[in-house]
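> Based on the provided sequences and hints, a complete structural model is requested.
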Amino acid sequence: MTSAAWWRDTLPRLVLSPSFVLVLIFVYGFMAYSGWLSMTDSKMLPSNGFVGWENYERLFRLRHWNTAINNLAIFGTLYIGICTLLGLVLAIFLDQKIRGEGLIRPLMLYPMALSFIVTGTAWKWFLDPGIGIEQIVQSWGFTEFEFRWIKDRDMAIYTVVIAAVWQSSGFVMAMFLAGLRGIDGEILKAAQIDGASNIKLYRRVVIPMLRPIFLSAFVVLAHMAIKSYDLVIALTNGGPGRATELPATFMYSYTFTRNQMGVGAASAVIMLMTIAAVIVPYLYSELRSKPGERG
Amino acid sequence: MLKKLALATAIAASMGANAADQVEVLHWWTSGGEAAALNVLKDDLGGNGVTWQDMPVAGGGGEGAMTVLRARVTANNAPTAAQMLGFDIQDWGAQGAAADLNDVAAAEGWDAVVPAALQRFSKYDGKWIAAPVNVHSTNWVWANKAIFDELGLGMPLNFDQLVDALDAIQAAGYTALAHGGQAWQDATLFDSVVLATGGVDFYRKAMIDLDEAALGSDTMKMAFDRMAKLRSYVDDNFSGRDWNLASSMVINKEAGMQIMGDWAKGEFLNAGQTPGEEFLCFRFPGTAGAVTFNSDQFVMFAVGDDRQSAQGQMAKAVLSPSFQSAFNVVKGSVPARTDVSDADFDACGKKGMRDLADANMNGSLLGSMAHGHAAPAAVKNAVYDVVTAHFNGEFSSDDAVAELVAAVADAQ
Amino acid sequence: MSASTTQAVRTGRATRFVIYTVLVVFCLFYLTPLYVMAVNSLKPLDEIRGGGMLNLPLDATLAPWRSAWSEAQIGVQASGLKPYFLNSIYMVVPAVLLSTLLGALNGYVLSKYRFRGDKIIFGLMLFSCFIPFQIVLIPMAKILGILGLSGSTAGLVLVHLVYGIGFSTLFFKNYYEAFPTELIKAAQLDGASFFRIFQRILLPSSGPIIVVCVIWQFTNIWNDFLFGASFADFDSQPITVALNNLVSSSTGVKEYNVHFAGAILAALPTLVVYVVAGKYFVRGLMAGSVKG
Numbered sequence: 019m020t021s022a023a024w025w026r027d028t029l030p031r032l033v034l035s036p037s038f039v040l041v042l043i044f045v046y047g048f049m050a051y052s053g054w055l056s057m058t059d060s061k062m063l064p065s066n067g068f069v070g071w072e073n074y075e076r077l078f079r080l081r082h083w084n085t086a087i088n089n090l091a092i093f094g095t096l097y098i099g100i101c102t103l104l105g106l107v108l109a110i111f112l113d114q115k116i117r118g119e120g121l122i123r124p125l126m127l128y129p130m131a132l133s134f135i136v137t138g139t140a141w142k143w144f145l146d147p148g149i150g151i152e153q154i155v156q157s158w159g160f161t162e163f164e165f166r167w168i169k170d171r172d173m174a175i176y177t178v179v180i181a182a183v184w185q186s187s188g189f190v191m192a193m194f195l196a197g198l199r200g201i202d203g204e205i206l207k208a209a210q211i212d213g214a215s216n217i218k219l220y221r222r223v224v225i226p227m228l229r230p231i232f233l234s235a236f237v238v239l240a241h242m243a244i245k246s247y248d249l250v251i252a253l254t255n256g257g258p259g260r261a262t263e264l265p266a267t268f269m270y271s272y273t274f275t276r277n278q279m280g281v282g283a284a285s286a287v288i289m290l291m292t293i294a295a296v297i298v299p300y301l302y303s304e305l306r307s308k309p310g311e312r313g
Numbered sequence: 075m076l077k078k079l080a081l082a083t084a085i086a087a088s089m090g091a092n093a094a095d096q097v098e099v100l101h102w103w104t105s106g107g108e109a110a111a112l113n114v115l116k117d118d119l120g121g122n123g124v125t126w127q128d129m130p131v132a133g134g135g136g137e138g139a140m141t142v143l144r145a146r147v148t149a150n151n152a153p154t155a156a157q158m159l160g161f162d163i164q165d166w167g168a169q170g171a172a173a174d175l176n177d178v179a180a181a182e183g184w185d186a187v188v189p190a191a192l193q194r195f196s197k198y199d200g201k202w203i204a205a206p207v208n209v210h211s212t213n214w215v216w217a218n219k220a221i222f223d224e225l226g227l228g229m230p231l232n233f234d235q236l237v238d239a240l241d242a243i244q245a246a247g248y249t250a251l252a253h254g255g256q257a258w259q260d261a262t263l264f265d266s267v268v269l270a271t272g273g274v275d276f277y278r279k280a281m282i283d284l285d286e287a288a289l290g291s292d293t294m295k296m297a298f299d300r301m302a303k304l305r306s307y308v309d310d311n312f313s314g315r316d317w318n319l320a321s322s323m324v325i326n327k328e329a330g331m332q333i334m335g336d337w338a339k340g341e342f343l344n345a346g347q348t349p350g351e352e353f354l355c356f357r358f359p360g361t362a363g364a365v366t367f368n369s370d371q372f373v374m375f376a377v378g379d380d381r382q383s384a385q386g387q388m389a390k391a392v393l394s395p396s397f398q399s400a401f402n403v404v405k406g407s408v409p410a411r412t413d414v415s416d417a418d419f420d421a422c423g424k425k426g427m428r429d430l431a432d433a434n435m436n437g438s439l440l441g442s443m444a445h446g447h448a449a450p451a452a453v454k455n456a457v458y459d460v461v462t463a464h465f466n467g468e469f470s471s472d473d474a475v476a477e478l479v480a481a482v483a484d485a486q
Numbered sequence: 134m135s136a137s138t139t140q141a142v143r144t145g146r147a148t149r150f151v152i153y154t155v156l157v158v159f160c161l162f163y164l165t166p167l168y169v170m171a172v173n174s175l176k177p178l179d180e181i182r183g184g185g186m187l188n189l190p191l192d193a194t195l196a197p198w199r200s201a202w203s204e205a206q207i208g209v210q211a212s213g214l215k216p217y218f219l220n221s222i223y224m225v226v227p228a229v230l231l232s233t234l235l236g237a238l239n240g241y242v243l244s245k246y247r248f249r250g251d252k253i254i255f256g257l258m259l260f261s262c263f264i265p266f267q268i269v270l271i272p273m274a275k276i277l278g279i280l281g282l283s284g285s286t287a288g289l290v291l292v293h294l295v296y297g298i299g300f301s302t303l304f305f306k307n308y309y310e311a312f313p314t315e316l317i318k319a320a321q322l323d324g325a326s327f328f329r330i331f332q333r334i335l336l337p338s339s340g341p342i343i344v345v346c347v348i349w350q351f352t353n354i355w356n357d358f359l360f361g362a363s364f365a366d367f368d369s370q371p372i373t374v375a376l377n378n379l380v381s382s383s384t385g386v387k388e389y390n391v392h393f394a395g396a397i398l399a400a401l402p403t404l405v406v407y408v409v410a411g412k413y414f415v416r417g418l419m420a421g422s423v424k425g
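Line order of the protein sequences matches chains A, B and C.
With positions in the first sequence counted from 1, the corresponding number in our numbering is that position plus 18.
With positions in the second sequence counted from 1, the corresponding number in our numbering is that position plus 74.
With positions in the third sequence counted from 1, the corresponding number in our numbering is that position plus 133.
Some hints here could point you the wrong way.
What the hints assert, rightly or not - In silico DSS-like cross-links for lysine-lysine, where the CA-CA straight-line distance does not exceed 30 Å:
id : chain 1 : residue 1 : chain 2 : residue 2
1  : C       : K318      : A       : K207
2  : C       : K252      : A       : K245
3  : B       : K327      : B       : K390
4  : A       : K245      : A       : K61
5  : A       : K245      : C       : K318
6  : C       : K252      : C       : K318
7  : B       : K303      : B       : K201
8  : A       : K61       : C       : K318
Unchecked claim - Label-pair ranges, simulated between beta-carbon atoms:
id : chain 1 : residue 1 : chain 2 : residue 2 : range
9  : B       : D283      : C       : K215      : 43 to 53 Å
10 : A       : S35       : C       : K318      : 41 to 51 Å
11 : A       : S157      : C       : A196      : 19 to 29 Å
12 : A       : S215      : C       : V226      : 30 to 40 Å
Keep in mind the hints are simulated off the structure, nothing from the lab.
By construction, the Cβ of each residue, glycine as well, lies at the ideal position given by its N, Cα and C atoms.
Shown next as structure tokens:
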């Protein structure tokens with residue numbers, strides 16, 4: 019092998035290597051470190067006293083953690099489901115040569131640009147029965163109207179879903195819209211000449227073609243659902259009681275405010291494993307396909 | 075990369091320039107009156123040539139700041155001083171990260187003027203590591219005087235009288251008790267109720283010594299029953315409400331009273347009200363003579379030799395009578411030393427200072443569980459879990475007692 | 134791939150009515166929180182206390198905006214958000230540029246060169262998007278301390294760069310995947326070097342995906358609070374930390390009007406980016422980034 023050829027082969031790897039090393043240390047190294055911490059008696063700061071599975075046992079004894087897991091199941095399912103459905107419907111509607119599309123699109127996208135430190139207060143007001151939507155609708159004369167989910171132990175988690183959907187459904191819409199615009203118009207024309215109705219056309223032809231976007235949307239949404247932290251803190255701070263605790267808020271509070279870093283690390287490990295269980299099969303199916311086959 | 079390095083060196087250079095005369099202070103007093111009050115300290119130090127580098131991180135009663143502190147200490151970049159509460163101070167002392175202030179303390183005679191109950195937190199292993207800024211007391215009731223006058227109510231002296239008063243207020247169509255449903259607020263109520271129900275010794279046994287028998291006792295069950303009773307006077311809309319909004323309900327004559335620490339006074343004063351004229355302050359019925367407290371302190375961290383003199387000056391300034399008076403007049407709390415003149419304080423403040431001095435003499439100055447001065451963070455939060463779940467109707471009082479015993483045992 | 138609408142679908146009058154109604158209703162849904170923030174930021178505090186959060190201000194005032202920008206107490210300084218705005222810019226600009234550049238290079242390598250383990254490397258980079266940031270705080274602090282970067286803007290740039298690699302690589306890889314490999318091969322035969330191909334062939338056609346990547350990174354980094362609070366110093370705290378300090382003080386009167394004004398001010402750069410570049414954003418997504 020000539021030195022030029024060697025160089026041509028090596029250079030790409032060389033270019034990639036700094037990023038790879040960074041990711042290896044700062045992501046996988048830190049994950050491993052969390053794994054180690056979860057086996058130690060760390061309290062306020064990391065410590066190296068090995069205690070085996072004790073933190074995990076403690077974790078699964080906590081009612082609180084069960085609540086967090088249940089909430090994640092409810093929240094994750096509804097959030098991903100509603101965002102996907104809403105994003106798809108809005109994208110299809112917006113794709114019908116709508117007047118003012120240029121105005122509507124940024125309107126639906128902007129929530130993604132705001133952090134919940136910013137919008138949390140507005141949402142809290144809006145959902146508060148005393149000054150928010152309940153009071154407003156009542157002042158319109160519908161005195162029977164009630165909307166006090168945020169104050170209700172069993173319903174509060176759904177208000178978190180509403181705010182989360184508000185934040186990211188526009189983004190999902192943009193993804194679907196991009197997909198729709200990428201579909202070849204000829205295929206649709208052909209289908210319509212065959213006499214397919216609009217609904218049938220979308221169900222049979224268009225939506226199946228958007229399959230890769232469903233997958234991408236799922237990954238983006240799943241990662242946001244699992245990381246949801248600011249949202250809960252700003253909206254309910256885990257309340258009423260501890261009814262809206264999610265794994266991310268649980269982990270933060272055990273690691274940093276309750277001085278039980280070991281338990282916090284154990285919950286982080288469980289969280290990572292949950293993420294892996296969802297994402298790895300997706301990655302695997304994606305990466306198995308040969309180059310050129312994708313799209 | 076080059077640019078980044080250049081930037082880093084530039085920053086390092088600018089920091090090295092005159093580090094000797096600087097104090098970097100991590101705190102969560104970020105806005106309004108309390109930040110302005112802290113300015114008094116900054117100017118004080120500025121007069122002595124010490125520059126104040128401000129490092130505020132607000133949120134959750136210092137939770138954000140404590141997380142940041144951990145990152146800073148881990149990175150070997152500890153601030154000169156950090157605001158802290160209760161057991162956190164001791165935890166940092168145990169990490170060996172704190173400075174030794176014994177020289178300043180000896181020169182200023184802190185041992186003689188700071189109440190022993192505070193020293194228990196400010197000293198670790200016989201060493202002064204923190205300078206207390208104030209003492210808040212948490213067993214206060216704030217009441218709307220107009221409502222009390224209208225209904226001919228006097229100051230309730232025990233729990234039954236409190237219930238009578240609450241009944242009367244509710245019957246008159248007001249919200250009887252203004253309360254915000256957040257774990258720490260529920261726990262603040264719980265502090266007072268436990269103290270009123272079981273008395274000073276019981277409180278100390280249950281909340282400070284974490285004695286299993288006391289935690290599981292019938293007295294504790296009665297305390298939970300009383301919590302449930304109080305819950306029945308709170309409006310349905312209470313969940314998640316900030317404490318200051320609860321205060322404004324009292325201010326605006328929508329609610330009869332609020333049970334809250336002395337920082338609530340600031341809200342009333344800001345609304346242009348005067349103690350004794352538009353609002354009343356009294357101790358939670360049945361807790362007169364005792365004070366549950368929490369105290370903000372500045373913990374000093376070990377710094378290089380070149381920075382120690384500035385650090386010492388700051389510690390000295392924090393406990394100087396002039397700053398103690400100026401700061402606490404604004405903050406609603408009372409000075410952390412017992413020899414400060416009460417001339418500048420209002421009626422509630424004067425009463426607070428008297429109560430503190432008395433409680434200090436009688437041994438009834440008790441750390442507040444809700445505010446991290448009775449037990450370490452893990453236990454405190456375990457108590458929060460049970461109290462707030464019970465207050466929100468998840469547990470009966472019997473279950474709550476059993477859960478409390480188990481949760482406290484599990485958290486230790 | 135053109136940006137024309139699908140067009141094939143013909144819709145009746147009634148259907149169009151339904152479509153417009155639904156769109157308008159949802160626009161209101163998306164707009165309401167911003168509207169609430171905007172109108173209340175213009176009201177004096179007394180008016181807010183009076184309730185009616187949807188009402189237009191009776192006595193509109195710009196004082197809350199002035200206060201939030203340059204007068205409000207943030208810690209002991211009555212400086213408003215102004216100084217922190219610059220801190221954020223100093224952090225965001227290099228972090229976004231560097232992570233976009235790295236992402237582009239990585240995407241180029243991973244889509245156009247084959248070598249052992251390339252897919253695993255991509256998989257590892259992609260999965261790194263999912264790490265919960267709370268668990269990296271302590272070990273990251275340790276490493277920044279060792280590197281001497283703790284409390285500096287440079288340190289923050291590094292942190293954001295590291296955790297931005299995953300998404301930016303994903304964006305560029307998928308985009309370049311659709312780019313004809315034959316062109317690259319031909320250029321190689323002509324003796325063009327690795328970087329020359331990148332610079333002359335790939336970069337000029339990367340406009341849409343650069344927009345997507347920049348928007349994504351800019352939004353995430355600008356809005357970050359956790360890293361900013363933990364790894365910044367008194368002189369490098371970003372605006373989100375200052376905003377939080379303004380909004381969530383423990384005691385004292387809550388000046389909601391100032392809070393809302395501050396919130397909008399802090400969000401202005403991201404809002405502007407979304408509104409101005411929103412069109413290109415959809416175009417960029419369309420041009421390949423969301424292809425599975």
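> Is the hinted pair C/K252 and A/K245 satisfied, with a Cα-Cα distance of at most 30 Å?
26 Å, holds
> Hint check: A/K245 vs A/K61, CA-CA at most 30 Å. Holds or violated?
Within the cut-off at roughly 23 Å; holds.
> Lying within 19 to 29 Å: is that true of the beta-carbon distance A/S157 to C/A196?
28 Å, holds
> Holds or violated: A/K245 with C/K318, Cα cutoff 30 Å?
With Cα atoms ~42 Å apart, A/K245 and C/K318 exceed 30 Å; violated.
> Should the hint that A/S35 and C/K318 are 41 to 51 Å apart at their CB atoms be regarded as holding?
24 Å, violated
> Check whether the Cα positions of C/K252 and C/K318 lie no farther apart than 30 Å.
21 Å, holds
> Between the alpha carbons of A/K61 and C/K318, is the straight-line distance 30 Å or under?
Violated, at about 57 Å.
> So does A/S215 sit 30 to 40 Å from C/V226, Cβ to Cβ?
Since the Cβ atoms of A/S215 and C/V226 sit about 51 Å apart, the hinted range of 30 to 40 Å is violated.
> Between C/K318 and A/K207, is the straight-line Cα distance small enough, at 30 Å or below?
37 Å, violated
> Does the Cβ-Cβ separation between B/D283 and C/K215 fall within 43 to 53 Å?
51 Å, holds
> Hey, B/K327 versus B/K390, does the alpha-carbon distance stay inside 30 Å?
43 Å, violated
> Quick one, are B/K303 and B/K201 close enough, alpha carbons at most 30 Å?
45 Å, violated
Checked against the numbered hints given earlier, the structure breaks hints 1, 3, 5, 7, 8, 10, 12 and satisfies all the rest.
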